[in-house]
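**Q** Kindly generate the complete structure, drawing on both the sequences and the hints.
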Amino acid sequence: MAGATVLRDTRPSSAANCAGRSVPARHRQRRSAAGRRRRPSSDFPTEFDPLIKAANPWLNPQVKYFDGSRRGYLRMTIDRSQWLTEARTVALIASRQSPVSTTATFVTEAGNPGLSPA
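Counting in my numbering, the sequence shown runs from 113 upward without gaps.
Any given hint might turn out to be false.
[To be verified] Between beta-carbon pairs, the in silico distance windows are: (1) 224 <-> 160: 19 to 27 Å; (2) 169 <-> 215: 12 to 20 Å; (3) 207 <-> 160: 35 to 43 Å; (4) 226 <-> 185: 17 to 25 Å; (5) 166 <-> 196: 41 to 49 Å; (6) 192 <-> 163: 22 to 30 Å; (7) 157 <-> 222: 35 to 43 Å; (8) 163 <-> 221: 27 to 35 Å; (9) 171 <-> 193: 12 to 20 Å; (10) 173 <-> 217: 38 to 46 Å; (11) 173 <-> 215: 16 to 24 Å; (12) 186 <-> 166: 17 to 25 Å; (13) 224 <-> 158: 34 to 42 Å; (14) 159 <-> 230: 26 to 34 Å.
Treat the hints as calculated values from the structure; they're not laboratory data. By construction, the Cβ of each residue, glycine as well, lies at the ideal position given by its N, Cα and C atoms.
**A** Here you go:
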């Protein structure tokens with residue numbers, strides 16, 4: 113889902129619980145002369161963000177983190193003992209110098225399936 117930060121638990125048991133359910137897709141970003149202005153981090157419709165956050169626990173139990181108000185990426189650190197995932201988001205999408213922050217961190221320990229907040 114472009115334009116929103118989503119972290120999913122993709123274990124087979126989670127996938128079986130969410131068959132056929134998904135978060136609504138967001139509109140594609142439009143380029144125009146006005147698009148050169150300083151835009152917020154995401155153009156995801158802000159009125160949907162709290163609704164999706166509230167509905168995710170029962171509609172999409174595999175989604176452990178969702179933030180439609182920001183764009184970003186996932187940074188993963190993997191070694192023999194754990195898999196650490198950090199949700200990194202940017203303040204503005206129009207500037208390459210925009211600050212980046214970690215908004216959520218999850219870990220999967222070796223031998224322990226599933227995500228836990230770190």
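**Q** All the hints need checking, so say for each whether the structure fits it.
**A** Results for each hint:
For residue 224 and residue 160, the hinted distance range of 19 to 27 Å is not satisfied, since their beta carbons lie about 34 Å from each other. Remark: the range hint 12 to 20 Å for residue 169 to residue 215 is upheld by a beta-carbon distance near 18 Å. Taking the beta carbon of each, residue 207 and residue 160 are about 25 Å apart, not inside 35 to 43 Å as hinted. Hint check: residue 226 to residue 185, Cβ distance near 22 Å, so the stated range 17 to 25 Å holds.
Between residue 166 and residue 196, the C-beta spacing of about 28 Å breaks the proposed range 41 to 49 Å. For residue 192 paired with residue 163, a C-beta distance near 40 Å fails the hint of 22 to 30 Å. For the pair residue 157 and residue 222, the supplied restraint of 35 to 43 Å holds, since their beta-carbon distance comes to about 40 Å. Here the CB-CB span from residue 163 to residue 221 is close to 33 Å, well matched to the stated 27 to 35 Å.
Judged by the Cβ atoms, the range 12 to 20 Å given for residue 171 and residue 193 is violated: they are separated by roughly 33 Å. A hinted range of 38 to 46 Å is violated for the C-beta pair residue 173 and residue 217, which are about 20 Å apart. The hinted range of 16 to 24 Å is satisfied by residue 173 and residue 215, whose Cβ atoms lie roughly 21 Å apart. Taken as a hint, the range 17 to 25 Å holds for the pair residue 186 and residue 166, whose Cβ atoms sit roughly 23 Å apart.
For the pair residue 224 and residue 158, the supplied restraint of 34 to 42 Å holds, since their beta-carbon distance comes to about 36 Å. Range check, residue 159 to residue 230: about 31 Å between beta-carbon atoms, so the 26 to 34 Å window is met.
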